[in-house]
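Colleague: Residues per chain are reported as follows:
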Amino acid sequence: MSVVETKVPAGFVPVYTRPKALSDKRFTYCPGCDHGIITRLVAEAIDELGIQERTVGVAPVGCAVFLYEFFRCDFAQAAHGRACAVATGIKRANPELIVFTYQGDGDLAAIGTAETVHAANRGENITVIFVNNQIYGMTGGQMAPTTLPGMRTTTTPEGRDLRSTGYPLKISEMLAQLDGPAYITRQAVFDVRHVQMARKAILRAFRNQLEGKGFSLVEIVASCPTNLRIPPAEGVRWVKEQALKYFPLGDLKVRE
Amino acid sequence: MEIGVVFAGFGGQGILLAGKVLAQAAMERGFEVTWLPSYGPEMRGGTANCTVVIADEPVGSPIVDRPQILVAMNGPSLERFGPRVAPGGTIIFNASLVSAPFARADVRLLPIPMNAIAQELGEVRAANMVALGAVVKVLGLFPLEAVAEALSKELGARGRERLLEVNRQALLRGFSLA
Amino acid sequence: MKVLMRGNEAMAEAAIRAGCRTYFGYPITPQNEILEYMAAHLPAVGGACVQAESEVAAINMCYGAAAAGVRTLTSSSSPGISLKMEGISYLAGARLPVVIINVMRAGPGLGNIAPAQGDYFQATKGGGHGDYRLIVLAPSTVQEAAELVMLAFELADRYRVPAMILADGMLGQMMEPVELPPPIPPERIPPKPWALTGAKGRPPNVVSSFDLDPHRFREILRGLWDVYRQIQRDEVRWEEYQTEDAELVLVAYGTMGRICRTVVRRARREGLRVGLFRPITLWPFPSEPLRRLSARVPVFLTVELSAGQMWEDVRLSVDGRAQTPFYGELGGVVPTPEEILNEVKKYVRG
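Protein chains in written order, with the numbering used here: chain A, 3 to 258; chain B, 14 to 191; chain C, 489 to 838.
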């Protein structure tokens, strides 16, 4: 296993350290992938709230399938799309636990749409981290429900044609219409300011659960440079200039 | 000993309840018993039937191809189940609703105006208990009181005094006519 | 004290007495009484009942609850069990002890709600993807249904293998007197050090069926099959009725098993030497006792509410040592004792 080693030279004081909630395992994400930042933000939130020993994560099928190796907390690996149902089972069995899912757009917004919508509608007291990078990463770049119009994928070689494949699915807007959820927000991590905002949103989504407020979902608009076939740095521009046109940032529902 | 009793009629005539009360009473008196309802779409509106098997050893088949006793609370039930009754068996039918004669020489035909009697008692829904009273007499396995006790248990909180009394009267009337 | 209970309700109550504290289900006839009973009674014992949005969601909720270390139940009927199959494969892979009740109805497709036994292959040969088995228990009376539900929880926990109760619409809907076993004291439920309870004072636990390395995954599966072999050795259950001098043995399970008991009684009254072999565990199938019996019984007539599924296991067990004819009904039609007896008379004479 590839392990992270941090050596601090004599005379230096570490100010940026690895969150305690993360294990020593090195992330397996591709260069430029936003998962690394988002995974870290979740770990920071767990640290900040001091809940590592009572947190149970639910890993999806997708690029975050190895999530249980990255975290130093209990984890369940769920079938494709079923993370919200698995989280429901864990939470109902033991409401003392803090339960979160971490899912991509294929997992949450295609095959797992029903599980997601109904967990939200029940106001299930869980935290959902939804990474929307508009593509199936792990399987090699097929069209996702969130794929942008005209966007080339391996299954839309001429670009996504709205007439035959429909429109990018706006899950957060859909969920925000329901009475069940407590908190639905859309964030991004393409610069420091947005990372800080996303960090606060994730923290809030966990705090909601601690306070028993119910279902909280943080969507993070991300990019997948590998499957977009662009250099990692271009991913930042992709999110800012392309993805945000369809997926504008901000809180969609906040129940106090 | 293994006796099969089929209760059949319209949905809403209390067919399943009559069977259940019989099964409960037989169980309380130490018999082995099964109660098998028709289930699903049939239980809404259409026809309803249930089979009660009373035995002195564990019941094998809960389905009875040749019942010893048939309670037919309407015409269609008599037509459907009448031919299946075992030779020497008894058909108790609702004379208030069945006018056409049913011809079988090898069984005992017992016409009882179940609806008319229930109406006399001021509770038309008690027709099923009139039928059950007759079944208890034909069976001859336990006293009517066993069924009355089982009924009050089954009705439980729903069993208001007046309702219990009417049903008791209905059981008695059916019993005495058989 | 005996109480008159519907099969579905008796199974639900037995689950609660077995310490089941979470139930996840979706309505489908003929097993709705289980969900309804749980909705009415689980909260009172501090448990949780969720009517899920689908059978797919329900089985995955079970995955979560079992992973959290709590005894959990789901129930459905044939089409719904098909939907659960993905989740059941994951339960087997992740070694989660969940009890699944299948109150079978006639299929394929929407079929109808009448009793049938067409899900035998699905239950005993896998059903979902991959190399796994379920412990499959087939009750034939309401009393036995209650007892086997409690046993299913015990076996599931002991071996960390999901267990299925294979019942049918008749057993689910019928009422019979039941002597309910007493509740299991919580301290008798085995501890689950592998469960997801929060990584406090121990390394994190992971519940997963995933391993990308074929050699490592092979070792996991070899371990799983060691467990299966142990179950095959220690947990085979069956009943024999009047087989001692039998010239023909009926082989039938569940509802068909009890109907065949009536056939045996009637045959004996007519002087026909007929017996009954009733598998109670469908997996592990009682092959060895059936094989022993085939040394002296010339005919094994398998009777099923299917086109002949358990029949294959009977033939494998008898392995040519005796005649193995089949009699079955399709589509939810239940043969009468008379019809089966007529079939029996083709092979034996008084």
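Calculated directly from the structure, the hints in this document are not laboratory data. Quick caveat, the model's predicted, so the values are computed rather than measured. Hints should not be assumed to be uniformly reliable.
With a straight-line cut-off of 27 Å between C-alpha atoms, the simulated DSS-like cross-links for lysine-lysine are [to be verified]:
{"no.": "1", "chain 1": "A", "residue 1": "LYS9", "chain 2": "A", "residue 2": "LYS27"}
{"no.": "2", "chain 1": "A", "residue 1": "LYS9", "chain 2": "A", "residue 2": "LYS22"}
{"no.": "3", "chain 1": "A", "residue 1": "LYS202", "chain 2": "A", "residue 2": "LYS242"}
{"no.": "4", "chain 1": "A", "residue 1": "LYS215", "chain 2": "C", "residue 2": "LYS688"}
{"no.": "5", "chain 1": "B", "residue 1": "LYS166", "chain 2": "B", "residue 2": "LYS150"}
{"no.": "6", "chain 1": "A", "residue 1": "LYS202", "chain 2": "A", "residue 2": "LYS172"}
{"no.": "7", "chain 1": "B", "residue 1": "LYS166", "chain 2": "C", "residue 2": "LYS490"}
{"no.": "8", "chain 1": "A", "residue 1": "LYS27", "chain 2": "A", "residue 2": "LYS202"}
{"no.": "9", "chain 1": "C", "residue 1": "LYS688", "chain 2": "A", "residue 2": "LYS202"}
{"no.": "10", "chain 1": "A", "residue 1": "LYS22", "chain 2": "A", "residue 2": "LYS172"}
{"no.": "11", "chain 1": "B", "residue 1": "LYS150", "chain 2": "C", "residue 2": "LYS680"}
{"no.": "12", "chain 1": "A", "residue 1": "LYS247", "chain 2": "A", "residue 2": "LYS202"}
{"no.": "13", "chain 1": "A", "residue 1": "LYS215", "chain 2": "A", "residue 2": "LYS247"}
{"no.": "14", "chain 1": "A", "residue 1": "LYS22", "chain 2": "C", "residue 2": "LYS680"}
{"no.": "15", "chain 1": "A", "residue 1": "LYS247", "chain 2": "A", "residue 2": "LYS172"}
{"no.": "16", "chain 1": "C", "residue 1": "LYS688", "chain 2": "A", "residue 2": "LYS27"}
{"no.": "17", "chain 1": "C", "residue 1": "LYS688", "chain 2": "A", "residue 2": "LYS22"}
{"no.": "18", "chain 1": "A", "residue 1": "LYS215", "chain 2": "A", "residue 2": "LYS202"}
{"no.": "19", "chain 1": "A", "residue 1": "LYS172", "chain 2": "A", "residue 2": "LYS242"}
Colleague: What are the numbers of the hints that this structure violates, sorted from low to high?
Modeller: Of the numbered hints, 10, 11, 13 do not hold.
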